[in-house]
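Heads up: the sequence lines are chains A and B, in that order. Taking my numbering, the leading residue of the first sequence gets 1, the next gets one more, and so forth. Taking my numbering, the leading residue of the second sequence gets 1, the next gets one more, and so forth.
Hints are computed from structural coordinates only; laboratory data are not their basis. No experiment lies behind these values; they were computed from the predicted model shown. By construction, the Cβ of each residue, glycine as well, lies at the ideal position given by its N, Cα and C atoms. Just so you know, nobody snuck in bad clues.
A short, non-exhaustive set of chain A residues, derived as facing chain B with CB atoms under 8 Å: (1) Leu-90; (2) Leu-111; (3) Ala-112; (4) Gln-116; (5) Lys-133; (6) His-134.
Here are a few chain B residues that sit away from chain A, every Cβ distance over 12 Å (derived from the structure): (7) Asp-110; (8) Gln-157; (9) Leu-296; (10) Gly-419.
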Amino acid sequence: MLSVKHLLDTTSLTADDITQILDTARSFAEINARKGIKKVPALRGRTIVNLFLEPSTRTRSSFELAEKRLSADTLNMGGSTSSVVKGESLSDTIRTIDAMNVDMFVVRARLAGTPQKVTENTDAIVINAGDGKHQHPTQAMLDLFTIREHFGHLDGLKVAIVGDLAHSRVCGSLAPALRTMGAEVTLVGPPTFLVDDPSYYQCPQTSDFDSVIGDMDVVYMLRVQLERMEGAAIPSKREYNHLYGLDVRREAMMKKGAIICHPGPMNRGMEINTEVADCARSKILDQVTAGVATRMAEMYLLLGGENDGISR
Amino acid sequence: MAYLVKGAHVVDPQVDVDDVLDVLIEGTKIAQVGKDLDAREATVIDGTGKYLVPGLVDMHVHFRDPGFEYKETITTGARAATHGGFTDVATMPNTSPVTDSGSEIRYQIDQAHAANLCHVRPMGALTAEQKGEALAEIGDMVIEGASAFSDDGHGVQSAGMMRTCMEYVSQFDRVVCAHCEVESLTTNGVVNEGRASTRLGMFGWPALGEELEILRDIELARITGCDFHVCHISTQRGLDYVRRAKSEGLNVTCEVTPHHLFLCEDDITDSYDTNLKMNPPLRTAEDAAAMREGILDGSIDCVVTDHAPHAAHEKDCEWEIAYFGCVGLETSLPLMLTNLVLPGKMSWQRLVEVMAVNPRRILRLAPVRVEAGSAADLTLIDPVQRIVVTPEYLQSKSKNSAFLNQTLTGCATDVFVDGRRTLADCEVVCA
Chain A
1 MLSVKHLLDT TSLTADDITQ ILDTARSFAE INARKGIKKV PALRGRTIVN LFLEPSTRTR
61 SSFELAEKRL SADTLNMGGS TSSVVKGESL SDTIRTIDAM NVDMFVVRAR LAGTPQKVTE
121 NTDAIVINAG DGKHQHPTQA MLDLFTIREH FGHLDGLKVA IVGDLAHSRV CGSLAPALRT
181 MGAEVTLVGP PTFLVDDPSY YQCPQTSDFD SVIGDMDVVY MLRVQLERME GAAIPSKREY
241 NHLYGLDVRR EAMMKKGAII CHPGPMNRGM EINTEVADCA RSKILDQVTA GVATRMAEMY
301 LLLGGENDGI SR
Chain B
1 MAYLVKGAHV VDPQVDVDDV LDVLIEGTKI AQVGKDLDAR EATVIDGTGK YLVPGLVDMH
61 VHFRDPGFEY KETITTGARA ATHGGFTDVA TMPNTSPVTD SGSEIRYQID QAHAANLCHV
121 RPMGALTAEQ KGEALAEIGD MVIEGASAFS DDGHGVQSAG MMRTCMEYVS QFDRVVCAHC
181 EVESLTTNGV VNEGRASTRL GMFGWPALGE ELEILRDIEL ARITGCDFHV CHISTQRGLD
241 YVRRAKSEGL NVTCEVTPHH LFLCEDDITD SYDTNLKMNP PLRTAEDAAA MREGILDGSI
301 DCVVTDHAPH AAHEKDCEWE IAYFGCVGLE TSLPLMLTNL VLPGKMSWQR LVEVMAVNPR
361 RILRLAPVRV EAGSAADLTL IDPVQRIVVT PEYLQSKSKN SAFLNQTLTG CATDVFVDGR
421 RTLADCEVVC A
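Based on the provided sequences and hints, a complete structural model is requested.
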């Protein structure tokens, strides 16, 4: 039983909440790894709306698979097909869908706070699938699952989150969640990508990647939104790769047993080079696998399970 | 019509009055101030336990008329002003069309006469269409009754254009009021840069944008000799620049809003309450404390609301696309009383200075004094009465208050404008 009704951010989650999600995901991971039928009846008869107001491929596919494997009924709504593009307000969109009696909204949006706004217009449970530069809690859970599977624990681990921190909802969710679980986080990026107030995350922030990489158990590379950054916050892809990219030279500086993560999609040759992305340390595809299991766990804990979806 | 306000505590630092007195209003003027006045034909209003002060002035409001009448009109805005205890308001020119000509100034004054509640003192735009490119017809607007000039909503981004504006205005005995913001620093900002932008995951709006432009405009005021007023100051360092300019003898003044005095970025929670989305944004708790210090020590000259009505659907949306601003006319006095005057941090004299005396001086309006012969523009305040800020309480057409559901202590019960009782026992008296 989670302490929250919705999954909107990681800052509201307790260590116990996170442990429950990761433990539950473990059993779903086993189901997903079956050779035979990868499906359980846990959410049979439940209706889940995937409201994706900004483009997404992997998160959306991951949620949809997770829902199907839990036997839920799903409805997909996208930004280009929804009434939002016709000028309808978010509140009206949500109230309209709500009137059809759905059980859960999975919301991806360009604007921070959108999932919160959804909760104000429906009694259904809401999962944040990424809101602007704010939070992406389901990404953080799959990251923690991947890291815990490798090390067997999270407390005491040293994790560097590297790249475009200022515009990263991944960092916004992952850094607090890691701290809640007792890991040490270091933020790394060029000064123009650093967060406005690192004291909020209570972790050090540096622009000297080489000085910290050798000490890290996990090197987590963030995607650079090149389309909106080049020329503004960094001069070029080439220079970024040289100063902050994870290449063979830097990979060689990592300690034994340390792993590499990336939320995808990767800009190969920018924040990460091909030889490194596909090396033995790379857990990037394990993260994708973990995404389905952890999302199944989150939906199961919030909507199904013993308490019939009433978490609080 | 004559009124005798009996036994109210009269406070007016201009004539050094701070005493329980009777005030007789006859026609449009104050006829007599003294003890135990004879009512004669006058309607007697019991002022026992209340405070009678020169009529309150809010020199920074947006009445959206013409152009956005669905948010507010001059009539509904005047009603809200009256309900809040004001006798005068200065309206900002970001209407549609922009108030950048004499005829637009005249329109507002005529509408206000028709509403017959408070005095409306329109400000004219500094530049044509508030584009920051060419001078507006400032002289023509002075003739029609413009009280001051501002491109509020935006700073004039070009330093050269701002210099021209100040040079030109300096011939008219009017003040240039500036919304100080270097926009290249604040481009996409929607919340104060720092803890709030990090926590909420939105583009930050640095204090530096305001600070730099205050500094620039102070230097332009120095070189042009123009009187200069900083709109809705929100940053500690910006205020320090104003302090320094004052100490150097420059005619530089500034104003602050109740929301920058009594709210800060920490009040914006994960609920993303869009009524707290302001321009300039709510700053840090330290900034708000510095604003409170400034309004007490005289560095800040007046309290204004930046009354910014928006329709419900313009606020019922995601934070990043919500409109900026909140309504304020009906909560300004109660907030000042509740937070500063009644706890004993601010004297009644100082309240009168920042809400009545100083804004009149900055707007070049004739002083209103509680003495015989003065215009009967007066506000009677009950310091005990409690109000709850509900949408129903607000008479403004829009309900986007940043203080909704708060209970406040103290409010205006009666207002006189040119001797006409526009607010009677907390009810607006429509003509």
